[in-house]
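Colleague: Listed below are the residues making up each chain.
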Amino acid sequence: MKESIVRQVLLLIFVFVMNMAVIVFVHNYMNRRVEFLQKLTDNELVKVELSYLSHEKLQSIRSLLQDLFLSRSSHELELIEQVINRETDELSAILSVIEHGGVVSHKYEVNFGDNEDIIREFIYENYYPNRISLEVIEIRAKIVELQNFTANFQKLMAIAISNKSRQDVSTQFEYMEVLHYYKRIAPFFDRLMENSYRIYFDAQTEMLKLNQVQEEVEENFSNRLAVALVLIALFIFSLAWVIIRNITEIVRERAASQAALQASHATLEKAVHERTGELQQEIEVRQEAEEEQRKQTEFLKTVIDSLSHPFYVLDVETYEIQMLNKAAYELGPDNASFCYALTHKRSSPCSGDDHPCPVAEVLLTRQPVTMEHIHFDQYGKQIFVEVHGYPIFDADGKLCQMIEYSLDITEKKIAEKKLEENNKNLEKLIGERTMLLEEEIAQREKLQLVVEQNPSSIVITDLEGRIEYVNKQFEKITGYTREEVLGENPRILNSGQTPPEVYADMWETLKREEIWNGEFVNQSKNKQIYHENVILAPLKNDKGAVTHYLAIKENITELKKAQKEAEASNVAKSKFLSRMSHELRTPLNAINGFSQLLLRNNKKHPLNERQAQQVLNINTAGLHLLELINEVLDLSRIESGHLTLSLEPVAVADAVAGCVILVTSLAEKTGISLEVDQTIADLPQMQADLTRLKQVLLNLLSNSIKYNRPYAVIGCCSSRLKSCRGSCPYASLVPGSSV
Amino acid sequence: MSFSMTKSCFFLLFLSLFLNGCDADEHPFKDSVQKKEVLIYCGATMLQPIMELAEIMEKEKNCIVKISYGGSGHLKNSVEVNRIGDLFFPGTISYLNSLQQQGMVTRVVDVGHMELAIFVQKGNPSKVQPDLHELLRSDMKVVIGTDQAGSIGKETRFVLQKQGIYQQVLAKALYMTTDSKGLVQALRKKDADMVLNWRAVAYKKDNLSYMEEIRLPPEQVGKNKLAIGLLANSRNPELAQYFLALATGKHGKEIFSRYGL
Chain W
1 MKESIVRQVL LLIFVFVMNM AVIVFVHNYM NRRVEFLQKL TDNELVKVEL
51 SYLSHEKLQS IRSLLQDLFL SRSSHELELI EQVINRETDE LSAILSVIEH
101 GGVVSHKYEV NFGDNEDIIR EFIYENYYPN RISLEVIEIR AKIVELQNFT
151 ANFQKLMAIA ISNKSRQDVS TQFEYMEVLH YYKRIAPFFD RLMENSYRIY
201 FDAQTEMLKL NQVQEEVEEN FSNRLAVALV LIALFIFSLA WVIIRNITEI
251 VRERAASQAA LQASHATLEK AVHERTGELQ QEIEVRQEAE EEQRKQTEFL
301 KTVIDSLSHP FYVLDVETYE IQMLNKAAYE LGPDNASFCY ALTHKRSSPC
351 SGDDHPCPVA EVLLTRQPVT MEHIHFDQYG KQIFVEVHGY PIFDADGKLC
401 QMIEYSLDIT EKKIAEKKLE ENNKNLEKLI GERTMLLEEE IAQREKLQLV
451 VEQNPSSIVI TDLEGRIEYV NKQFEKITGY TREEVLGENP RILNSGQTPP
501 EVYADMWETL KREEIWNGEF VNQSKNKQIY HENVILAPLK NDKGAVTHYL
551 AIKENITELK KAQKEAEASN VAKSKFLSRM SHELRTPLNA INGFSQLLLR
601 NNKKHPLNER QAQQVLNINT AGLHLLELIN EVLDLSRIES GHLTLSLEPV
651 AVADAVAGCV ILVTSLAEKT GISLEVDQTI ADLPQMQADL TRLKQVLLNL
701 LSNSIKYNRP YAVIGCCSSR LKSCRGSCPY ASLVPGSSV
Chain H
1 MSFSMTKSCF FLLFLSLFLN GCDADEHPFK DSVQKKEVLI YCGATMLQPI
51 MELAEIMEKE KNCIVKISYG GSGHLKNSVE VNRIGDLFFP GTISYLNSLQ
101 QQGMVTRVVD VGHMELAIFV QKGNPSKVQP DLHELLRSDM KVVIGTDQAG
151 SIGKETRFVL QKQGIYQQVL AKALYMTTDS KGLVQALRKK DADMVLNWRA
201 VAYKKDNLSY MEEIRLPPEQ VGKNKLAIGL LANSRNPELA QYFLALATGK
251 HGKEIFSRYG L
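As given, the protein sequences belong to chains W and H, one line each in that order. According to the numbering used here, the first sequence is numbered sequentially starting from 1. According to the numbering used here, the second sequence is numbered sequentially starting from 1.
Hints were generated in silico from the structure; no laboratory data involved. Here the structure is a predicted model, which means the values were calculated and not measured. Note that beta-carbon positions come from the ideal geometry of N, C-alpha and C, so glycine has one too. Keep in mind that a hint or two might mislead.
[As the list claims (entries may be wrong)] Taking CB as the label site, the calculated pair distances span:
#	chain 1	residue 1	chain 2	residue 2	range
1	W	His75	H	Pro217	28 to 36 Å
2	W	Arg198	H	Val81	16 to 24 Å
3	W	Val251	H	Asp25	48 to 56 Å
4	W	Asn211	H	Asp139	50 to 58 Å
5	H	Lys36	W	Lys155	41 to 49 Å
One chain only, chain W, in its complex shape (with noise of 0.2 Å):
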């Protein structure tokens, strides 16, 4: 507050200082100012009189031509022609100062005691010579013109006057060119006199301007001066008020403040006294806090000495053990300063990440630790550890020093390594299980797409006849869902057209553990009926048990359909080639009958050979439509079923020797050979009939030769069957071929 008052006072003398000194500067200024505007109202004051002046000079002027207007004779002529050009001289004169400014000489004829005249020089300044003023220039032409026109009337008058006695004629004329001469005056210089009014007028009233604006200029700094000294005395004032004020409250506050450090004074003084009964009172109870804590210290101290672990007390940044119990004594040498001395017998404390140090965890973690090392004891035997660092922070807050314990785990160690041994080998054995599993898992996970996707409608029942389990095609067919059927009997899909012997079958079948087969006539939900190809078997167990029933059912009502559709159109075919064949064979043996009638020799008529040709063409042509057709009821008996052999003991080697013969042409044509073995003879007869056995050989044998390669060997062997049933023996006769 003092030293602020001290400024505040300094600022007032700096104000003061400097405001005097600014209206010093403001009062000069505008002195300087003022006296510049008078300065350049006298100086329009000098162009006043001037122009006044000028004006004499033209009046002078227009007075002198008038004077020469009435002169009568030469002398006085000349001596107002002087006095014009005088005047005219002055007047230029005038004109180039009012114009460019600058000093002009007047005389003023006063007459007045000793002085005769008094010269006057009248200073003009332009201060803006590059104005053009129109009166000047006027004028100046003028003066020009003025000369010519004075010149001009002198001579005239000159004429006039020396022609004056003379009265003749061109006298009357001169006379009447003075005249207009004199006329053209007064004209002539009321545009002079104008001019000469307008620069006076215009230099007045410039004037009068330059009074205004001095004028103004002086009121407004009267007046503004007035107010800024006003301002800055109510500025300078107000400070010093301020100052005054502060300088004030200083002193009433300092006298409070005396006041109040007396007050505080005589407090302070009980409040020391009171102090001091409390302090020894406090002094009292923290010696016997003190006797308290050292019996705590030495409990503790005799808890941590019976600790069978390792306990010490390490300083952080120097690894120095500054407390440790018997059991941590015990561990290393006497003179184990430090604890990688002391339980690792190194010289530098631990690193790297296989054996970390714990004080270095604690640094950095700042928490409490726990890991595991290996210390030795003072014989040098290992000892797998459990190591605890915990972190004490001294009063602010900066970690000094660390407690460490170690609890001995060799034990644990082992039984962990033994631990992890088994575990591997179950690991391993897990492994291989889970293996197998996963690839019975996918053979099941593909048997059950099988079965799942599987065209045929497949069933599993229990024992009892319960439906355990039914498929998609299952569901598609009956249009029975696989929840509306699970625990149901299969009987829901009897629609009593299977014959009661069918069932009967099945169920003697499944009894005796074998796999069924057949067909049943079934209705789906929704009553139609359908027929299915049946496969029933036992599933059984590990041991052989049956346990469940597999239905596997193909719906073949379409092919049922397309079977009796198939048979009975085979029937009509049948039957229409038998009718056929028969009525072919008719008209055939008739046409054979009457051609070999005509080859036979008809001595009466006989044929020519051309004749003959063609009829026996005709014969052999009907004999092969006759095999044809024969064939086509051969086989329209077969489809019909009443074919019918005829069988007869037959001499196989007979059979075969003549089919051979018939196709021997054939196969030389194409360069085959024919072996027939010898144990074909040894055949002995059998039971069949002749004429299909040789149809069966010749087109054996006649395949054998059109489908086989050049120069191949065909051969007929015989072989006995190894069982046989019913009219054994048969025997198989295969030609087969060979290179």
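Using the hints provided, position chain H relative to the given structure of chain W.
Modeller: Okay, now just chain H, sitting in the frame of chain W:
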């Protein structure tokens, strides 16, 4: 007490600089004389339209147009004597031709024409007829222009000499004026009953309140061509050219037409 010493110093320094920036010797009308000036020499008859054009130009170009007017002969003389100015607009083109021959006029542009007429007192109380010979009436006071000063005097001499009555009118004339304005003044002051003046003066409304025009037949008076010349000594040729463009432009023609030129 936040008004610190530093701030006070700055304030006073600013005030000092402000006052130093004020020149005590600066002319109070400095601004008005810093504008560019164009000086036009104009025959007295054409003063009104030229003043209108000057006003337009002063607004458009922020300049001052000064007009020296009077008799064209005087003006020609002024051009020759002073050798300053930008444009010359005489009442007759012969003055321009003369200056052009001397090389004092560099460009001439036509702007219109004028013709003479007789002017009498309002109401024509003396029943003056449209004939130049009326100037010789013995009951009439006559004032004419002098051929030594302006175009009106020159044209007056020309038409009166054509009619063969110049000397008679000259002898009869009460006095001779230097320009058309002087002739108007003669009628206004009732110095004259009749004057021979340019018709254009009739287009000034003030004049018609005390005088009346008697238009003369074409065989007695012809048309006198009017033109403006650009002076070789022009100090502001760009402004002078602008004025010529303005005078010959649509607006200028309209103004001249309004004044019977």
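Colleague: All hints are to be evaluated individually against the structure, with a verdict given for each.
Modeller: Structure-based check of all given hints:
Evaluation of the 28 to 36 Å hint for His75 (chain W) and Pro217 (chain H) yields a failure: the beta carbon distance comes to about 53 Å. Taking the beta carbon of each, Arg198 (chain W) and Val81 (chain H) are about 18 Å apart, inside 16 to 24 Å as hinted. Taken as a hint, the range 48 to 56 Å holds for the pair Val251 (chain W) and Asp25 (chain H), whose Cβ atoms sit roughly 55 Å apart. Taking the beta carbon of each, Asn211 (chain W) and Asp139 (chain H) are about 55 Å apart, inside 50 to 58 Å as hinted.
Between Lys36 (chain H) and Lys155 (chain W) the beta carbon distance is about 45 Å. The supplied range of 41 to 49 Å therefore holds.
When the structure is compared with the earlier hints, a violation turns up for hint 1 alone.
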